[in-house]
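Asker: So the sequence shown is numbered by my numbering: it starts at 1 and just counts up by one.
Think of the hints as simulated: they come from the structure by calculation, not from any bench.
Hints are supplied without guarantee of correctness; some may be wrong.
[Claimed, not checked] Below are the SDA-like pairs computed for lysine to any residue, each with C-alpha atoms no more than 20 angstroms apart in a straight line:
#1 K360 <-> A61
#2 K363 <-> S187
#3 K360 <-> M245
#4 K360 <-> G241
#5 K360 <-> V56
#6 K363 <-> M245
#7 K363 <-> V49
#8 K363 <-> H352
#9 K360 <-> R344
#10 K360 <-> L342
#11 K363 <-> F58
#12 K363 <-> H45
#13 K360 <-> L146
#14 K363 <-> G183
#15 K360 <-> A349
#16 K360 <-> E376
#17 K360 <-> D243
#18 K363 <-> P248
#19 K363 <-> P62
#20 K363 <-> E376
Since the model is a prediction, treat every value here as computed from it, not as a measurement.
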Amino acid sequence: MDVNRSCKPQCHALGPTVSVLSSFERKTRSNDLMSKTVASSRTRHMVEVALVAVAVVFAFAPLRPASIEAWYSTSIYPHVERALTPLSNGVPFAILDLLLVGLAVAVIVILSRAARDAWRRRTWRRLLTTLAHFLAGAAAIYILFLLLWGFNYRRVPMPQRLEIDRTAPTSDQVVELGLMAVGQMNSLYAAAHEGTAPPEWQDATLRSAFADVQRVLAEAPPVEPGRLKHSLLGPYFRWTGVDGMVNPFGLEVIANPDLLPFERPFVAAHEWGHLAGYANEAEANFVGWLTCVRAAPRHQYSAWFYLYWQISGEVNGQERARLNAALAEGPRRDINAVIARLRRDEIPALQHASWQVYDKYLKANRVESGLRSYGEVVTLLLRARFDPGWTPVRRGARPSSSSAP
1 MDVNRSCKPQ CHALGPTVSV LSSFERKTRS NDLMSKTVAS SRTRHMVEVA LVAVAVVFAF
61 APLRPASIEA WYSTSIYPHV ERALTPLSNG VPFAILDLLL VGLAVAVIVI LSRAARDAWR
121 RRTWRRLLTT LAHFLAGAAA IYILFLLLWG FNYRRVPMPQ RLEIDRTAPT SDQVVELGLM
181 AVGQMNSLYA AAHEGTAPPE WQDATLRSAF ADVQRVLAEA PPVEPGRLKH SLLGPYFRWT
241 GVDGMVNPFG LEVIANPDLL PFERPFVAAH EWGHLAGYAN EAEANFVGWL TCVRAAPRHQ
301 YSAWFYLYWQ ISGEVNGQER ARLNAALAEG PRRDINAVIA RLRRDEIPAL QHASWQVYDK
361 YLKANRVESG LRSYGEVVTL LLRARFDPGW TPVRRGARPS SSSAP
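Generate the whole structure from the sequences, applying the supplied hints.
Answerer: This is how it looks when you write it as structure tokens:
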């Protein structure tokens, strides 16, 4: 019996041989996987460094406005807008809401996992790596912002594309323009409040006027007007007194849900000005005003109402009283209605903080006057030369009239 023990299967070492080969294969696969992981990590690191570097270059490089105007604002960008805005118009909700919610959820989940891992391993390495990934992500978002819309901040300024008087307007000229606005409001009030109007983006008269203004101001393909949408940001707009904005990642228009009917045409046309590539607030106001003033009476009223509102905030108390005294009862009621709308839900501290942030945003995008750029439309209207019908004269053209009708 003892002799036969050497013949037992386990004595032939067949089992251990299979085990060694299997272990070797697993180790080889593990090494290959580790090599691929390291290579992938290095590639990702290089891409992230490149994104940050490109973002820094784009942020600080002294790009020539004429170059931006030629290769981006009047060539690439209009085609981008004509592709994105019709798509966003077909979506009844704000695409911006999806982007913001998705971004917020992703940031919270990723940070939570990184913090949990850092706590479990008692090391900050994972958390710091995650923050580095966020920096690269922010750089990618900034680059996308510039490519989709943001480079328009660096195009040729409006005063350099139009025939402009060199002398600054006087306070008397500002008051005179304000009185003109009051006169137009008084005469247009009844017609502006008759019947119902179609949505601004489907209003043929307003669309035609916008297309005409685009042709007057630049040699570029016309852009598509945007649909005024409501958003999850609606309460924020109420609290801070914001009338509207353009989502640069979807080229859609977001509007304050509480806008009164006579406010909507100008707000829409102003945001369309942004869609047309005029990122500066004064220039968007200029485009919006020119659009409305050459459309139907209800649109004209909205334009003159805006101009009165802007001028009344810039003149002194005595001059403001003079403007107010010239108002008819109808426009006066509209002014009080807007004041009531703004005061109903405003949160002064949040409003102040919000506008301070936006002022810094504008200055970071090379709008040196920041929030003051909103009011510069008055100076632009008074200094620009116009042909009949409030048609601004571009540089290089021969004006037939040196003043507006």
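Asker: A separate judgement is required for each hint: does it hold in the structure or not?
Answerer: Going down the list of hints, with the structure as the test:
The suggested pairing of K360 with A61 holds, with an alpha-carbon distance near 19 angstroms, which does not exceed 20 angstroms. Proposed proximity of K363 and S187 is contradicted: the alpha carbons are some 39 angstroms apart, above 20 angstroms. Distance restraint check for K360 and M245: the Cα-Cα separation of roughly 16 angstroms lies within the 20 angstroms cut-off, and the hinted pair is therefore satisfied. Between K360 and G241 the CA atoms are separated by roughly 18 angstroms; this keeps the pair inside 20 angstroms, and the hint holds.
For the hint pairing K360 with V56, the CA-to-CA distance comes to about 18 angstroms; that is within 20 angstroms, so the pair holds. Among the hinted pairs, K363 with M245 is consistent with the structure: their alpha-carbon atoms are about 17 angstroms apart, no more than 20 angstroms. A distance of roughly 26 angstroms separates the Cα atoms of K363 and V49; the hinted pair therefore is violated under the 20 angstroms criterion. Taking the CA atoms of K363 and H352, the gap is about 17 angstroms. The hint holds against a cut of 20 angstroms.
Straight-line distance between C-alpha atoms of K360 and R344 comes to about 27 angstroms, which puts the hinted pair past the 20 angstroms bound. Annotation: proposed proximity of K360 to L342 is violated, straight-line Cα distance about 23 angstroms (limit 20 angstroms). Of the pairs offered as hints, the one joining K363 and F58 holds, with about 15 angstroms between alpha carbons and a cut-off of 20 angstroms not exceeded. Note on K363 and H45: the hinted pairing is violated, with a Cα-Cα distance of about 31 angstroms set against a maximum of 20 angstroms.
For a cut-off of 20 angstroms, the pair hint linking K360 to L146 stands: about 17 angstroms separates their Cα positions. Restraint check for K363 and G183: not satisfied, since their Cα atoms lie roughly 36 angstroms apart, outside the 20 angstroms limit. Among the hinted pairs, K360 with A349 is consistent with the structure: their alpha-carbon atoms are about 17 angstroms apart, no more than 20 angstroms. A C-alpha spacing of about 17 angstroms is found between K360 and E376, which places the hinted pair at or below 20 angstroms, so the restraint holds.
Only pairs whose Cα atoms come within 20 angstroms are accepted, and K360 paired with D243 is accepted, the gap being roughly 19 angstroms. A hinted pair counts as satisfied when its Cα atoms are at most 20 angstroms apart, and K363 with P248 qualifies at roughly 17 angstroms. A threshold of 20 angstroms between alpha carbons decides the hint, and for K363 with P62 the separation of about 15 angstroms falls inside it, so the pair holds. Proximity of K363 to E376 is assessed by CA-CA distance (about 15 angstroms); at most 20 angstroms being required, the pair is judged to hold.
Violated hints, listed in ascending order, are 2, 7, 9, 10, 12, 14; each of the other numbered hints is respected by the structure.
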